[in-house]
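Q: Following the hints, position chain B against chain A.
Sequence order for the protein chains is A and B.
For the working numbering, add 8 to where a residue sits in the first sequence, where the first one is 1.
For the working numbering, add 8 to where a residue sits in the second sequence, where the first one is 1.
Simulated from the structure, these hints should not be mistaken for laboratory data.
Be aware that one or more of the hints could be misleading.
[Claimed, not checked] Within a straight-line C-alpha distance of at most 27 Å, the following computed DSSO-like cross-link-like pairs (lysine-lysine) qualify:
no., chain 1, residue 1, chain 2, residue 2
1, B, Lys335, A, Lys117
2, A, Lys205, B, Lys72
3, B, Lys59, B, Lys219
4, A, Lys443, B, Lys443
5, B, Lys117, A, Lys335
6, A, Lys684, A, Lys658
7, A, Lys480, B, Lys443
All figures in this text were calculated on a predicted structure; none of them were measured in a lab.
2 protein chains.
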Amino acid sequence: MKHRFNILIFTFLTFLGINAQQITSPDGNSVLEFDLNTKGTPTYKLTYKNKAVIKASKLGFIFKDDENLESGFTILGSQTDSFDDIWKPVWGEESEIRNHYNELLLHLKQEASQRLMDIRFRMYDEGVGFRYEFPEQPHLGHFVIEDEQTQFAMAGDHTAFWIPGDYDTQEYDYTESRLSEIRGLMDKSITENLSQKSFSSTGVQTSLMLKTDAGLYINIHEAALIDYSVMHLELDDKHMVFNAWLTPDSQGNRPYMVAPANTPWRTVMVSDDARDILASRMTYNLNAPCEIEDTSWIKPVKYVGVWWEMITGMSSWAYTNDFKAVKLGVTDYSQAKPNGTHAANNKHVKELIDFAALHGFDGVLVEGWNVGWEDWFGHSKDYVFDFVTPYPDFDVDEIQNYAKSKGVEMIMHHETSSSVRNYERHLDGAYKFMKDHGYHAVKSGYVGDILPRGENHYSQWMVNHYQYAIEKAAEYEIMVNAHEAVRPTGIARTYPNLIGNESARGTEYQAFGGSKPNHVTVLPFTRLIGGPMDYTPGIFEMDVSKLNPNNNSHVNSTIANQLALYVTMYSPLQMAADLPENYNRFLDAFQFIKDVAVDWDKSVYLEAEPGSYITIARKAKGTNNWFVGNVNGKAGRISNISFDFLEKGKKYIATIYADAKDADYKTNPQAYTIKKIKVTSKSKLKQNSVEGGGYAISIMEE
Amino acid sequence: MKHRFNILIFTFLTFLGINAQQITSPDGNSVLEFDLNTKGTPTYKLTYKNKAVIKASKLGFIFKDDENLESGFTILGSQTDSFDDIWKPVWGEESEIRNHYNELLLHLKQEASQRLMDIRFRMYDEGVGFRYEFPEQPHLGHFVIEDEQTQFAMAGDHTAFWIPGDYDTQEYDYTESRLSEIRGLMDKSITENLSQKSFSSTGVQTSLMLKTDAGLYINIHEAALIDYSVMHLELDDKHMVFNAWLTPDSQGNRPYMVAPANTPWRTVMVSDDARDILASRMTYNLNAPCEIEDTSWIKPVKYVGVWWEMITGMSSWAYTNDFKAVKLGVTDYSQAKPNGTHAANNKHVKELIDFAALHGFDGVLVEGWNVGWEDWFGHSKDYVFDFVTPYPDFDVDEIQNYAKSKGVEMIMHHETSSSVRNYERHLDGAYKFMKDHGYHAVKSGYVGDILPRGENHYSQWMVNHYQYAIEKAAEYEIMVNAHEAVRPTGIARTYPNLIGNESARGTEYQAFGGSKPNHVTVLPFTRLIGGPMDYTPGIFEMDVSKLNPNNNSHVNSTIANQLALYVTMYSPLQMAADLPENYNRFLDAFQFIKDVAVDWDKSVYLEAEPGSYITIARKAKGTNNWFVGNVNGKAGRISNISFDFLEKGKKYIATIYADAKDADYKTNPQAYTIKKIKVTSKSKLKQNSVEGGGYAISIMEE
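Extracted from the complex, chain A is given alone in its bound form (with noise of 0.2 Å):
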């Protein structure tokens, strides 16, 4: 189903000047109109409902040593287009995505210096997406941008849920405040982190997720963000217009370019209804098909691993205490004292794979395998690890044959350290060891300050860094899960190996101090909104210091919160993330992440409120099975929902995992109850969810 159409679409010029153009939304909910200012520098402002959602914004850049495209322009022409087609992605939220816009493609021209540059919008029902194309051309072949004056200017002074601009880190908690409120809240929202930069006191990141007093949601992102900077937004508060604020790099500038080129696109969503914001596939939609022939490979995958009792400090990544300092192939581990804290060995890990088979999860994950983790970041080190090398008591061979003998996989581990060039050098070399030792996905990461020295985390050079790592893991038949790396803008469309990034404050903080009870309200309208992220929820003890006497943090939310993660958070790789001897004192909750599906057919986002609630349910991927996640961010709440989404006439057995009366994410999270009910397409429910808490339900075919 694809159709093609080259007509104008809207002709409403007698209402506008005479270089305005308009297009609409498919569904003619949103008005997108272009124009030239009297400078010749190009705007554009977007309503929705006839309510102004970007008032009158300018586009343009400002070069490094060259003369910048900010203004002098002319039109020299204008397509327009739409398109509808459906297409299946690998894994996802559905199996079918339907893409359908309408398209105006301005052909600009700078009098002055001859050049050529074209914007093309996209207008989907949830909103527009626009970039920036730079044709081949005779006067216009290598450039540097050193601003992209891109703007976004608001109608008001909204109510934003924002983490700080940053070059280095996402993983901050979110805030919530008006817009005007930003920059007296900057200090105390920056909290510590491994590696970070920001860069003023009004900067935030994308995906922001903002709210109106007229009751519109707007989301403002990117998508496609292939070998460009990352943009973050840079408040002007007298006049709340946000300002494209590109990564730079270690010399101060922003991304290199050559011509035919184009930039990400940037998107503006918009409705009055949240849940919309959370069922667009917009940003997918704007990034290019598969380019991965064969993707039978490519396989959703729920783990368990040695994670969370090394975030805790119960158990460590490094295998002895002995060294100062690790120089590999010089540095002796067979002599070393080992700590006697190091979990990767073989005795704990066959223990893991047992635990993994018994309960049918698919992956273990085992962290701090491989000899360098004594001194592993802090130290700006090169040769950090070689990723191929096992610490002394784990034995790759024997633990790759236990596990295939349980009918689990291994999940391989790359640790980078952000030492980038040591990461490439091996890549062809790490990937060969995972595919001759039955690896087929790894999780990767990037602590610590960037290397090369003065590199940061999104500047175009680490952009094109990740991407390098995801094509080259494409050709080994390798799905990666990176963390610390780009926050991602739906590339997964384009290269489905990559199965998930953290690029967010995940549940390690739970174990850092805490995040806010409503965190996992806010993430799947910001941080989600680009792909899925590798979250690893399922924590059942939420007293940190039963697994560390020496760490005092606490996890706010309760177990049903937990669990309801699973469904709102969604991703196609899941962890159960806590310890097996936590799940099996509580196996009639575990058994909602054992049931619980990690790819789906269809998604019906049934209740949502940024930073309050989301309810989501899902239909498991070639069943007749659905599941319920409903997380509550605030005060206790009735949840309202309906089982129409269920297929008419037929009879299901919903198995409720709520908060119990008494729940409390601070002094009572592990008070949940299990209720089994049938349900049809005519049930409904009313289920109390307390602060931090949440309800998740399985409804089997009777």
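A: What follows is chain B alone, placed relative to chain A:
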């Protein structure tokens, strides 16, 4: 023949301070004294035949963000050692090299920090090498050097042959001046280069050649530069003290170290006979033995190519003038209009193969064969070359088969344009492509500013890269000739597949305005101390405008001088750089280039004075043939040589290629004479050479 004595060699303790220790060279001429000064700072001094060479000079380090290692040391202990061994280089100026030294190893401890630092001195007859060693220890792991404090205190205002200190280029003409004159001459000595960064008005590069008024020849350089920054020398011209000045990285830092670690060796050669400097193998001896097990694939090469016609501007690297910019994989060359000057085309390359085959050359080097040359420098372009895609007019297989049928080897060319990440990403593929197509040697290039941007050609990051490329090439049995890379420091002993480097002002500058006529009488004392140079001699047409009417450069050399370079500029890789048509005009002189060897059993240094003249005789490996070269830098001079290097009792025919009486490097450079005489070991020769001239002799057994 390997001897090791663990004895104390010299014990003149009565003459020394309580901490002072001495060693002498095996021949007893040089004495090295180590001491701690009153602040506990290590110092050393060096004498030669009782004359001061290095006056008391400090040793130590300034660390970044850490306590310095510069004072407060005590001596924990010391060891002396003596070593005498002979090893066989894979290629070289002689087939056997003696490694004979006395060693003094100091174990130092900085009491306040409890840190350990060793200093190891090795005394050879021709000088001393010393290095810092940081053993594995509890109080020193990772450290960043801000400044290496090594001093070389001169005993007077010597005459120096110097080029400006620079982080990015070594391609300067030498200036001969007193040390006190360096500051005043610096500006004039800095000529333009595509990438350059000077750091001080008294900064100079190593290897630095000096001559004292007392007639001592002193050379300062380094050996075994591995994973460390290049050492420059900055002169304190009040006190005539050279201070080590390490090349910083993009962040201004000097090397990042992990103990256990060593610095490179700092070398000071000294003699009252300049020939001893040329004959020294100290730099190789201070490097580690060969790391390549099977070296049978490493073979010296004499070659021709398209290089000179490109350098002069007669031909082009680029295939077309159509493109403002090239985007590999996007730009369509099949539709491009050829510019008509592209040298690397099938027809022309076959002509060169024919020429090589006719005259017995081993190889043909072709630059500009691969796509991307239209915008290859000056744009900070990341993806600049892919190293595997030929231009439409260059058929890799066809050329390869043709060359093979003629018994000639093609030599690969990899210009990186200093986009180093791009090169490393393609390295395996590029080397594999070479193997698949029968190439066994590559000329690589690093023109322009380095990417990662901000890095310098001679920083630790880049030194690490050049080494990586060499070691990876060895895995593929590929020989490397790296241009614009770091100047060599004897590493070819360890990796003899490094068969050449440029790393100095080569013949190309004769097409860029000309080099000084005595340039080649300096290079063997400076650039060649660390290893061979791909100088590309053999220019017969000195008027460059004959090749390209728009280029009025003149080659400041006579034809006889050009011939002599094949002997005086030792290299296992020698090009006959001029065009076949120019050789065809002077086939009698060309005969010497055809005859001369590129690998030697023995070398005899007959006459030498830096900046003035060099005369060397070498015995071709595995034959009884000898070749003599004389280059003369300044005014006309009579060279007086004896043939006593010849085997006694044997008769030889010597063919002497000399400057004609009326030869003049500017006005009459092509005036030469050729005569044949009979010689024995008792023969002597008086031969005139003009300024910028010289002579060459081939001596064949009768």
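Q: For every hint, state whether the structure bears it out.
A: Status of each hint after checking the structure:
no.: 1; hint: B:Lys335 - A:Lys117; result: holds (22 Å)
no.: 2; hint: A:Lys205 - B:Lys72; result: holds (21 Å)
no.: 3; hint: B:Lys59 - B:Lys219; result: holds (13 Å)
no.: 4; hint: A:Lys443 - B:Lys443; result: holds (25 Å)
no.: 5; hint: B:Lys117 - A:Lys335; result: holds (22 Å)
no.: 6; hint: A:Lys684 - A:Lys658; result: holds (17 Å)
no.: 7; hint: A:Lys480 - B:Lys443; result: holds (22 Å)
Checked against the numbered hints given earlier, this structure breaks none of them.
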